[in-house]
Amino acid sequence: MKMRMVRWENLPSDIIETISDLLPNGTDYISFRSVCTYWRAATSKKHNIPFLIVPSEISRNVHNVFRVSDQETRRIMIRQEILGKKCCEASHGYLIMVTTVNAPMNIDHLYLVEVDCHLWVALRYNYPDPENSRVRRVHLAVGALRYNYPDLENSKVKKGAFRFAAILMLWAALRYKYPDPENSKVKKGAFRFAAILIVRPMNVAIEEVKDLEGRAFFFGLNQSFWMSTEEHTQLKKNCIYYTNFPLRREDDVYGHQDFGTFDTATHKIERVLGSPLEYSFTWVPSAWLMSRHNI
Amino acid sequence: MVGVKKKMVTLVSSDGVEFVVEKRVAEQSLFIKNALNEGGVEEKVMIPIPKVTSDTLSSVLEYCEKHASATEFQENEIEEWDKEYIEKADLDLLYYLLQASYSMSIMGLMELGAKKVASLIRGKSPQEIRELFNIKNDFTPEQEEEIRREMQWNYE
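If you're matching them up, the sequences are chains A and B in order. At position 122 of the first sequence (counting the first as 1) the number is 122 in our numbering, and the numbers step up by one without a gap. Adding 1000 to a residue's 1-based position in the second sequence gives its number in our numbering.
You may find that some hints are simply not true.
As the list claims (entries may be wrong) - Listed below are the simulated DSSO-like cross-link pairs for lysine-lysine, each with C-alpha atoms no more than 30 Å apart in a straight line:
no., chain 1, residue 1, chain 2, residue 2
1, A, Lys45, B, Lys1124
2, A, Lys236, A, Lys46
3, A, Lys45, B, Lys1066
4, A, Lys46, B, Lys1023
5, A, Lys236, A, Lys268
6, A, Lys237, B, Lys1124
7, B, Lys1023, B, Lys1124
8, B, Lys1115, A, Lys46
9, B, Lys1124, A, Lys236
10, A, Lys237, B, Lys1115
11, B, Lys1115, A, Lys236
12, B, Lys1088, A, Lys45
Said to hold, decoys possible - Over 10 Å on every C-beta distance to chain B, these chain A residues come out as not near it, computed from the model:
no., residue
13, Thr18
14, Thr37
15, Ser44
16, Lys210
17, Glu231
Unchecked claim - Taking CB as the label site, the calculated pair distances span:
no., chain 1, residue 1, chain 2, residue 2, range
18, B, Ser1103, A, Lys268, 46 to 54 Å
19, B, Lys1088, A, Gly214, 35 to 43 Å
20, A, Lys210, B, Arg1024, 36 to 44 Å
21, B, Ser1125, A, Ser44, 16 to 24 Å
22, B, Ser1014, A, Glu17, 22 to 30 Å
23, B, Glu1038, A, Asp263, 12 to 20 Å
24, B, Thr1071, A, Glu230, 28 to 36 Å
Please keep in mind that the hints were generated in silico from the structure rather than gathered at the bench. By construction, the Cβ of each residue, glycine as well, lies at the ideal position given by its N, Cα and C atoms.
Work out the full structure, taking the sequences as your base and the hints as a guide.
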């Protein structure tokens, strides 16, 4: 009689690791390490690749998201009570929803929707910075709260002023809304790589990041962050994955939304294949939504 | 072939079956190569291969044979051969081949087997994977909850 010796869960951990390395798709990788405790222990936890919120009208309690990992559009369910409201931001597993489109945005109209379950809000500065003309509407703040309204607890913090919370870092890059006065070749709406800045919370000093060191950098409405391309081989090295607030062009009533990659080494812009963002303006802007598990 | 005496070694499977193979074939396994180096270059060496049964060993040696003479073939020819070789292995044999490639240190075979497993896993849910490989779900409720959250992000 032959004894049954086949016990797949007991494969040597080196083999389990080799198999997991062959599953670059995030879903397969997560399925693989969710099979049993042996396999889970032999594989390391990976960060999730962020979703891109696809601008669309919400007709039901469903929101479309685009996954860079397999270039597919997926749907996420949204709780019933926010039906009819629209997403204006996304952050760490949260969608920030607002009630109306045309009324001036008021903090009372903001709703947080838990997609995951952790809160980290960053409000975007929506107006040109009076102190720094280079900072336009599209300039983003991450990991720092940039208040849209005066801080009730601190009268010195004005509307739109930066308030650095003791959080990790700030990255920023610009996508120009207007033709670049210094460089006529850069047209309105074209991506001009300005700089990636990092803010150290301890001294609030801003440093320029000269080299992404192979990482992929996500730049978006609500937040910007980088991810390891070694961990996620399907992400492009030294590339900025960008999305923007809808920009209005001349003779263009509706404006335009955009999504693609910008290679910091070659300065080439590429649209990501299969990306669904060739939409005309809808108020719901595209934004990166990252899982709270990434924190 | 006159005058060229091929160096042979004898491998003994865990169930006691002897396989006489050319040294260059056996040396596809780093485990055997090291064993031969340690033991000097004596002829008529007997090398026991623990934990590898005769059925598995014969299949492993088929792989080694092909790859020992890999230089005689085009690269894509070898690739094709590998594909067919691993395709005809059933799940149990695949498991034994992986274990054997690991204990005998045959990197190419291990990667080939891992690729096959990865291809079987792609597109499947954890439960489907468990059913395919006959694996028990041994997570605690807490771990299940953590997994559920991770899944939530990646499925739907």
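Going down the list of hints, with the structure as the test:
no., hint, in the structure
1, A:Lys45 <-> B:Lys1124, "holds (19 Å)"
2, A:Lys236 <-> A:Lys46, "holds (17 Å)"
3, A:Lys45 <-> B:Lys1066, "violated (38 Å)"
4, A:Lys46 <-> B:Lys1023, "violated (43 Å)"
5, A:Lys236 <-> A:Lys268, "holds (12 Å)"
6, A:Lys237 <-> B:Lys1124, "holds (29 Å)"
7, B:Lys1023 <-> B:Lys1124, "violated (42 Å)"
8, B:Lys1115 <-> A:Lys46, "holds (20 Å)"
9, B:Lys1124 <-> A:Lys236, "holds (26 Å)"
10, A:Lys237 <-> B:Lys1115, "holds (25 Å)"
11, B:Lys1115 <-> A:Lys236, "holds (23 Å)"
12, B:Lys1088 <-> A:Lys45, "violated (33 Å)"
13, Thr18, "violated (4 Å)"
14, Thr37, "violated (5 Å)"
15, Ser44, "holds (13 Å)"
16, Lys210, "holds (33 Å)"
17, Glu231, "holds (15 Å)"
18, B:Ser1103 <-> A:Lys268: 46 to 54 Å, "holds (48 Å)"
19, B:Lys1088 <-> A:Gly214: 35 to 43 Å, "holds (40 Å)"
20, A:Lys210 <-> B:Arg1024: 36 to 44 Å, "violated (52 Å)"
21, B:Ser1125 <-> A:Ser44: 16 to 24 Å, "holds (21 Å)"
22, B:Ser1014 <-> A:Glu17: 22 to 30 Å, "holds (26 Å)"
23, B:Glu1038 <-> A:Asp263: 12 to 20 Å, "violated (51 Å)"
24, B:Thr1071 <-> A:Glu230: 28 to 36 Å, "holds (33 Å)"
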